Structures are given as C-alpha cells and as structure tokens.
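Q: Sequence:
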Amino acid sequence: MPEEPAQDQDLVLYEVDEDGVATVTLNRPERKNAWSIPMERRFFALLDEAAEDPAVRVVVITGAGRAFCPGMDVQRLEQNAQPGQSLNLQARVPMYSRRNMPKPLIAAVNGACAGIGLVQALICDIRFAARGARFTTAFTRRGLAGEYNMPYVLPRVVGLENALDLLLSGRVFDADEAKELGLVSRVVEPEDLLDAARAYARDIARNCSPRAMAVVRHQVYGDLDRDFTGALARS
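Under my numbering, the sequence shown has 70 at position 69, and the numbering climbs by one with no breaks.
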C-alpha cells in the first residue's frame, strides 16, 4: 500500500487477529466518523490490503465511538455545493462496488448510519446492527439524487417498494425496523455488537474454505444480472 500521511493513517484503524479476521474501524469519533476524502482513500486501501493478504479470511467493518458513519462530513458537503465544483466521482465509482472482493465483508453497525455511511454498510455481505442504531438514506433531504449506486443496490436488498420508501422519504428508521426490512440480519445489544460480529466472522474463518467462499460470493453477485438458465449453466 502506498505511503500515506501519518495523520490519515489514524482515520481508519486496521487489525488482524490470529483467526484471520481483519477489523476495519472508521476512526473519527470526534466527528461521529463523518466521511471525508482522506478517510475514503484509507478505507479502500485497507480493503485492498485485506483482499491481497493470505492471512486474512474475513473482514469486519465498524465505527469508533457511538456512530458507524452518519454520511459525508458537512464541511465537505458545503464545499460540494459551491457553483463550479466537480466531484470527479467517475474515478471513485468502482470503489463503491466490492463484488470482486474475494473475502466476506461483515458490517457491525454500532450507531448512526446514513448516506454514504449506509453505502459502506451495503457493500458488506452480512450486516449486524446495535439495537437503537438509526439509519437513513438521507439523499433527498439534502437535495441530492441517490448516489454511489444505492438506487441499484437497495431494491435488491429490501425489495422495490421498501427501497422507494426509504429513498424517496429519506426518513429515519431504527435497527429493529432495518431487520424487518431485511437491511440487517442480526440486531444485538450495543455492548455485544462487535463480539457478535467477530464471533460470526471467526466461525466462518475457521470452518469454511476461503476458496469456496470467494467462489460463492462471486456466484451470488455475478448471477444478480443473469437469467435463471445462464446462472444454472454457470454453476
């Protein structure tokens, strides 16, 4: 991984345990882990590092403090709102799809999860949430279109009408409703969240073939855009 400024390395923390579970922690608790471009660079560089490291079998993504990620840092949004600003998103769009990731991604959503923070949860394969955590797509309430491919991904997770409800209204919903919608698969008490996510990750790291998990993940995401016959022939 290319050398980063020292201050940027603290924006996202990274550790790997003896079972091959890497924990990636968004680490701007003083800003509730609000998303910034330096954080983005560090985050995706670490996911690339985990993908290439044979010692890593599963990745858990979480936030420091009481929030997961409430969206783009408001200071960045204010800059983006200025006339003549170019977001240059085209170069970054591939980052927001982890279909080519060979290892399972597990989200441990410990608190507020909104906008681009929700996008990061949605790139994960399995999502745990702390009871009381609050979610929102947020875009329409900020005068924005559905960004970072969320209008494509969300209906495939929660269904068309539920996705339209969440995207059009930008309303806030809690972890229990998120489970009812199928947005998360587990809701646990806040103090147990990271342990529960890591326990799940360790179980599959110890007992499931890394190659088989990579192939199955590739099959599932690749077959989303195939018809039944094509998927059957491929399998």
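Hints were generated in silico from the structure; no laboratory data involved.
One or more of the hints may lead you astray.
Simulated restraints, written as ranges between beta carbons of each label pair [stated by the list, open to error]:
id, residue 1, residue 2, range
1, Arg235, Gly147, 37 to 43 Å
2, Pro152, Asp54, 20 to 26 Å
3, Pro191, Pro156, 27 to 33 Å
4, Leu225, Ala52, 38 to 44 Å
5, Asp11, Asp196, 31 to 37 Å
6, Asp18, Ala213, 30 to 36 Å
7, Glu16, Pro191, 33 to 39 Å
8, Leu233, Arg67, 19 to 25 Å
9, Pro156, Arg212, 43 to 49 Å
10, Pro30, Gly171, 23 to 29 Å
Please read all numbers here as calculations on a predicted model, not as lab measurements.
For every residue, glycine included, the Cβ atom is placed at its ideal position computed from N, Cα and C.
Q: Run every hint past the structure and note whether it holds.
A: The hints, checked one at a time:
1. Arg235 to Gly147: 37 to 43 Å: Check failed, 30 Å falls outside 37 to 43 Å.
2. Pro152 to Asp54: 20 to 26 Å: violated (33 Å)
3. Pro191 to Pro156: 27 to 33 Å: Holds, at about 29 Å.
4. Leu225 to Ala52: 38 to 44 Å: The hinted range 38 to 44 Å is violated for Leu225 and Ala52, with Cβ atoms some 20 Å apart.
5. Asp11 to Asp196: 31 to 37 Å: Distance hint for Asp11, Asp196 is violated at roughly 24 Å.
6. Asp18 to Ala213: 30 to 36 Å: Between Asp18 and Ala213, where Cβ atoms are some 21 Å apart, the hint is violated.
7. Glu16 to Pro191: 33 to 39 Å: Violated, since Glu16 and Pro191 (Cβ atoms, about 21 Å apart) do not stay within the stated range.
8. Leu233 to Arg67: 19 to 25 Å: violated (46 Å)
9. Pro156 to Arg212: 43 to 49 Å: This hint is violated: roughly 31 Å between Cβ atoms.
10. Pro30 to Gly171: 23 to 29 Å: Roughly 25 Å apart at Cβ, these two residues keep to the hinted range, so it holds.
Checked against the numbered hints above, the structure violates hints 1, 2, 4, 5, 6, 7, 8 and 9; every other hint is satisfied.
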